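Residues per chain, in single letters:
2 protein chains.
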Amino acid sequence: MKELEKLFDRIIQRVNINLRELEFDVNPVVSQLVPTGQMTKFYAFYGITPHHPLNLIFKHSNLSGSYFLGRCRVTNSLLYKSDIRGDELKKKGDLFQYQEFNIPVDQDEEIRIDDSFLIKTLVHNFSHDPETLERFFIRDTVSTHYANIHGSPSDGCYLGPFSTVDLTTMRDCVIGAYAYVQAGEISHLNVDPGTVWVRKPGDFNFMYRYPLSQLNNYIYFAAGSPPQGIFMDFVEDRKEAFQRVFNVVNIESPVSVPATASLDRFAVIKPKTNIGDNVLVAQRAFLQNSTLGKGANAQENCYIINSTLEGENVTAHGAKIIDADMGNHVFVGFNSFLRGRPDARLTIGKESVVMPHTIVDIRKPLTVPPGSLVWGLVRNQDELEANSMSLKDFSKIKTRLSKGNMLFEGSGTSFVTAFQERIHHILEANGAFYDGNLNRGHAQRNQNISFNTIQPYPEGDKEGMYPTIIIQP
Amino acid sequence: MKELEKLFDRIIQRVNINLRELEFDVNPVVSQLVPTGQMTKFYAFYGITPHHPLNLIFKHSNLSGSYFLGRCRVTNSLLYKSDIRGDELKKKGDLFQYQEFNIPVDQDEEIRIDDSFLIKTLVHNFSHDPETLERFFIRDTVSTHYANIHGSPSDGCYLGPFSTVDLTTMRDCVIGAYAYVQAGEISHLNVDPGTVWVRKPGDFNFMYRYPLSQLNNYIYFAAGSPPQGIFMDFVEDRKEAFQRVFNVVNIESPVSVPATASLDRFAVIKPKTNIGDNVLVAQRAFLQNSTLGKGANAQENCYIINSTLEGENVTAHGAKIIDADMGNHVFVGFNSFLRGRPDARLTIGKESVVMPHTIVDIRKPLTVPPGSLVWGLVRNQDELEANSMSLKDFSKIKTRLSKGNMLFEGSGTSFVTAFQERIHHILEANGAFYDGNLNRGHAQRNQNISFNTIQPYPEGDKEGMYPTIIIQP
Chain A
1 MKELEKLFDR IIQRVNINLR ELEFDVNPVV SQLVPTGQMT KFYAFYGITP
51 HHPLNLIFKH SNLSGSYFLG RCRVTNSLLY KSDIRGDELK KKGDLFQYQE
101 FNIPVDQDEE IRIDDSFLIK TLVHNFSHDP ETLERFFIRD TVSTHYANIH
151 GSPSDGCYLG PFSTVDLTTM RDCVIGAYAY VQAGEISHLN VDPGTVWVRK
201 PGDFNFMYRY PLSQLNNYIY FAAGSPPQGI FMDFVEDRKE AFQRVFNVVN
251 IESPVSVPAT ASLDRFAVIK PKTNIGDNVL VAQRAFLQNS TLGKGANAQE
301 NCYIINSTLE GENVTAHGAK IIDADMGNHV FVGFNSFLRG RPDARLTIGK
351 ESVVMPHTIV DIRKPLTVPP GSLVWGLVRN QDELEANSMS LKDFSKIKTR
401 LSKGNMLFEG SGTSFVTAFQ ERIHHILEAN GAFYDGNLNR GHAQRNQNIS
451 FNTIQPYPEG DKEGMYPTII IQP
Chain B
1 MKELEKLFDR IIQRVNINLR ELEFDVNPVV SQLVPTGQMT KFYAFYGITP
51 HHPLNLIFKH SNLSGSYFLG RCRVTNSLLY KSDIRGDELK KKGDLFQYQE
101 FNIPVDQDEE IRIDDSFLIK TLVHNFSHDP ETLERFFIRD TVSTHYANIH
151 GSPSDGCYLG PFSTVDLTTM RDCVIGAYAY VQAGEISHLN VDPGTVWVRK
201 PGDFNFMYRY PLSQLNNYIY FAAGSPPQGI FMDFVEDRKE AFQRVFNVVN
251 IESPVSVPAT ASLDRFAVIK PKTNIGDNVL VAQRAFLQNS TLGKGANAQE
301 NCYIINSTLE GENVTAHGAK IIDADMGNHV FVGFNSFLRG RPDARLTIGK
351 ESVVMPHTIV DIRKPLTVPP GSLVWGLVRN QDELEANSMS LKDFSKIKTR
401 LSKGNMLFEG SGTSFVTAFQ ERIHHILEAN GAFYDGNLNR GHAQRNQNIS
451 FNTIQPYPEG DKEGMYPTII IQP
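Quick note, the sequences are listed as chains A and B, same order. Heads up, the first sequence is in the numbering used here, so the first residue is 1 and it goes up one at a time. Heads up, the second sequence is in the numbering used here, so the first residue is 1 and it goes up one at a time.
Bound conformation, chain A alone:
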């Protein structure tokens, strides 16, 4: 184990050097989070398909339980049960548009993880930083349970549990638990837990802050203990179901899956689940007693339970939907937690946008009208009114609006349009619009993936370290 422990120390030191200005010491925060014994227990795995440029390089790392697809290089890092999904990387020859620039992509984009420790983290999407088109880097970074690093290069950062950094390049930042940041480029910031921040410089700025005392019921994290709260309890309670999925090599699909849909073999499907055409269910998704209509998707770490998704629904990474009826074309952002009750269903009307990191947790039936924008903490009708607006009304904002804990500045139209375009892009990329011929996406391309497993040295000084592994076409 010697090398594994040395590697851990090395990573912590490097991150702390980066965060010295913020006076953030990552060591007490993560030192007990994953016992080294756990790091030797689980195999890592990578996908092989003809549709994804294959170039995986693993060096001097532990990859326990992690998943890789596409072009990815990992060096001197600890990746614990993380997903590195490189199926939307830019390709050589692509032309990247940024403002007035048309920048040619010089070589296939690569996700490059160095000197980092990622715990149950999702890395996905292509990076949008025009400064580093070919290299989506994650360096000197520690991230914790269910963090999303979404198209966001990171250098010298710490991400708290259930945080998301989206299409944002960050340097020397601390992202608090359940904070969501989509801000283009940030550096030397300490973002408070429960901040939801969407900024397009010169265009708009959306900012919401969870009341901390309420947020702590859902997610609370302090040095010395693992993350706590409803979010953790919820996933821990369903952990066992994944064991069988990971312990069997060939698994039969427990439900019938249309030829146009894809159900990842590492997803958990409980009884009474229906999967429609063009549906995409990613690995580590959990479906139970639910119906996914045409073109709906369930991304990594999603839980959809006792719910109906009418169609073209985006359920972004880590979102949970329980006892709910979702209309057509409803978007549910990252790590949102939407919980109705068996006797108090949650209904969300068509074409609504549930912002990333939204909590709807009700005891009485609640209906979100069609075409709504919802954010923040909603536990009843009053909170819904405080934390939502119709997209139509939101579009009318010209300069500024303050509502409850939310402050918006800039153009509402830009904001709403940006969201809608993005939702359209996600659906398109996922293959929701596939017509049997055109608009093929992940749902059609990811149907037939071969998975290879890799494991570390089982004993000796190198126990827990993976050998150098290079996989190329």
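Warning: the hint list may mix true and false statements.
The list treats identical chains as interchangeable, and a pair is accepted whether it falls inside one copy or across any two copies.
Listed next, the in silico DSS-like pairs over lysine-lysine satisfying Cα-Cα at most 25 Å (straight line) [what the hints assert, rightly or not]:
| id | residue 1 | residue 2 |
| --- | --- | --- |
| 1 | K462 | K91 |
| 2 | K294 | K350 |
| 3 | K239 | K2 |
| 4 | K92 | K462 |
| 5 | K6 | K41 |
| 6 | K294 | K462 |
| 7 | K364 | K403 |
| 8 | K462 | K90 |
| 9 | K272 | K239 |
| 10 | K272 | K2 |
| 11 | K392 | K239 |
| 12 | K272 | K91 |
| 13 | K294 | K272 |
| 14 | K392 | K200 |
| 15 | K239 | K41 |
| 16 | K6 | K392 |
Source of the hints: derived by calculation from the structure; they are not laboratory data. Note that the structure is a prediction, hence the values are computed from the model and not measured.
Once you've looked at the hints, dock chain B against the given chain A.
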């Protein structure tokens, strides 16, 4: 599948060019043996341990269901359910003794397989050819079901089912079904099915030929059909038991295994099996209702059923022991088939040597006295007398002896000594003599292996081809 089919054609052509002088066309023989659909169905796997120098390079090959350990490079080849076990390769710095030469080993020995098609073949042991110490090559070679390539570099050869080439470098040879060759160096030979040939040039020459009409009941192979006969029926009947073993990632040992023994997780262990100290059970071994005493071993493709092995028993690759009681220190050579019956047990006395490729198949109880040498086909007491001698008497041969279908020339002492030394070496290498401190061998070193799985492209032109994979420390 295009590339896979092109690769097949390419290999066949290369082998045929090598075998043109023998007028042997390998194409009709193997063209239907493994449907290409089968080649995409099974994962390959390789072992990671701190005890075996790790250097695996796979390029432009299909490795379906095959296993790899140690230092090995595979290029332009099809390996179907084969075992490439590189745990006895020579190491850099070793001194290799050959006659009056002391040859330093320049670099770690590597098993190098190029342009070959191996079906259910075992490749093991280090090559004994002083001309190629660092490279155990298998080139332009086709081998079929349950062939053993044991320390035998091969260039331009065809091996029939259940054949074994042992410590022999071969060029442009055809080895018939169930032929056993241990002859140092051979070229441009067509060895008949059922030949058992052990030669040490200048020292001795042992030659036995199975009566073909009898052998055909056990193994018969002609172009256009898969191998047939009792041997094939026997393994096919037990095939299903392996499915579970290969379909589960973490498997619990079904029996208690002493700390000094090793039971491979890809072996099948049926109820009422006892495993003693220092026992080695390799992958693809099958044990049922049997007892393996201290230091006994069961190598790849062995079946031990309703039998007792007293201790220090070598059960070489592919040997089968059914309804038998084996005394201490009994050696059973490659692919031997020893079948008693529930009401007619086979007893083999201590320190006997059952030659490779021996068939003992009885309907009435039979006892082989201690210290015997047994060869060929033995179905009753008469055939036992025709096809065995005491090792003591055999040692007395000075020039020549002919007995039944067996002809021996040379020194009986040399022959017996060579066998006994080899048996001692095998037991030593396998860890049979481990005393808790000294004499550690495979049984102690192979206890804790991590297995990684690899799979081919699931579709497209490259369907069935494995990506390039390089694994290094």
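How the hints compare with the structure:
Proximity of K462 to K91 under the C-alpha cut-off of 25 Å is restricted to the inter-copy arrangement: shortest distance 20 Å between copies versus 36 Å within a copy. Taking CA atoms no more than 25 Å apart as the test, K294 paired with K350 passes inside one copy only; the shortest distance there is 14 Å, against 72 Å between copies. Neither within a single protomer nor between protomers do K239 and K2 lie at most 25 Å apart by alpha-carbon distance, with minima of 30 Å and 42 Å respectively. Taking CA atoms no more than 25 Å apart as the test, K92 paired with K462 passes between copies only; the shortest distance there is 21 Å, against 37 Å inside one copy.
Taking identical chains as interchangeable, the C-alpha atoms of K6 and K41 lie at most 25 Å apart only when both belong to the same chain, with a minimum of 19 Å there against 40 Å between chains. Neither within a single protomer nor between protomers do K294 and K462 lie at most 25 Å apart by alpha-carbon distance, with minima of 48 Å and 31 Å respectively. In this assembly of identical chains, the alpha carbons of K364 and K403 lie at most 25 Å apart only when taken from the same copy (24 Å versus 95 Å across copies). With identical chains, the CA atoms of K462 and K90 are at most 25 Å apart between copies only, with a shortest distance of 23 Å across copies and 35 Å within one.
Within a single copy, K272 and K239 get their C-alpha atoms as close as 19 Å, which meets the 25 Å cut-off; across copies the closest is 35 Å, which misses it. In the homo-oligomer, the alpha carbons of K272 and K2 never lie at most 25 Å apart, since the shortest distance is 48 Å inside one protomer and 40 Å across protomers. Within a single copy, K392 and K239 get their C-alpha atoms no closer than 40 Å, and across copies no closer than 65 Å, so neither meets the 25 Å cut-off. Within a single copy, K272 and K91 get their C-alpha atoms no closer than 40 Å, and across copies no closer than 58 Å, so neither meets the 25 Å cut-off.
Taking CA atoms no more than 25 Å apart as the test, K294 paired with K272 passes inside one copy only; the shortest distance there is 17 Å, against 53 Å between copies. For the homomeric pair K392 and K200, the shortest alpha-carbon distance inside one copy (20 Å) is at most 25 Å, but the shortest distance between copies (93 Å) is not. Taking the shortest Cα distances, K239 and K41 sit within 25 Å of each other inside one copy (15 Å), while across copies they are farther apart (29 Å). Taking the shortest alpha-carbon separations for K6 and K392, neither the intra-copy value of 55 Å nor the inter-copy value of 60 Å comes in at or below 25 Å.
Hint violations for this structure: numbers 3, 6, 10, 11, 12 and 16, all remaining hints satisfied.
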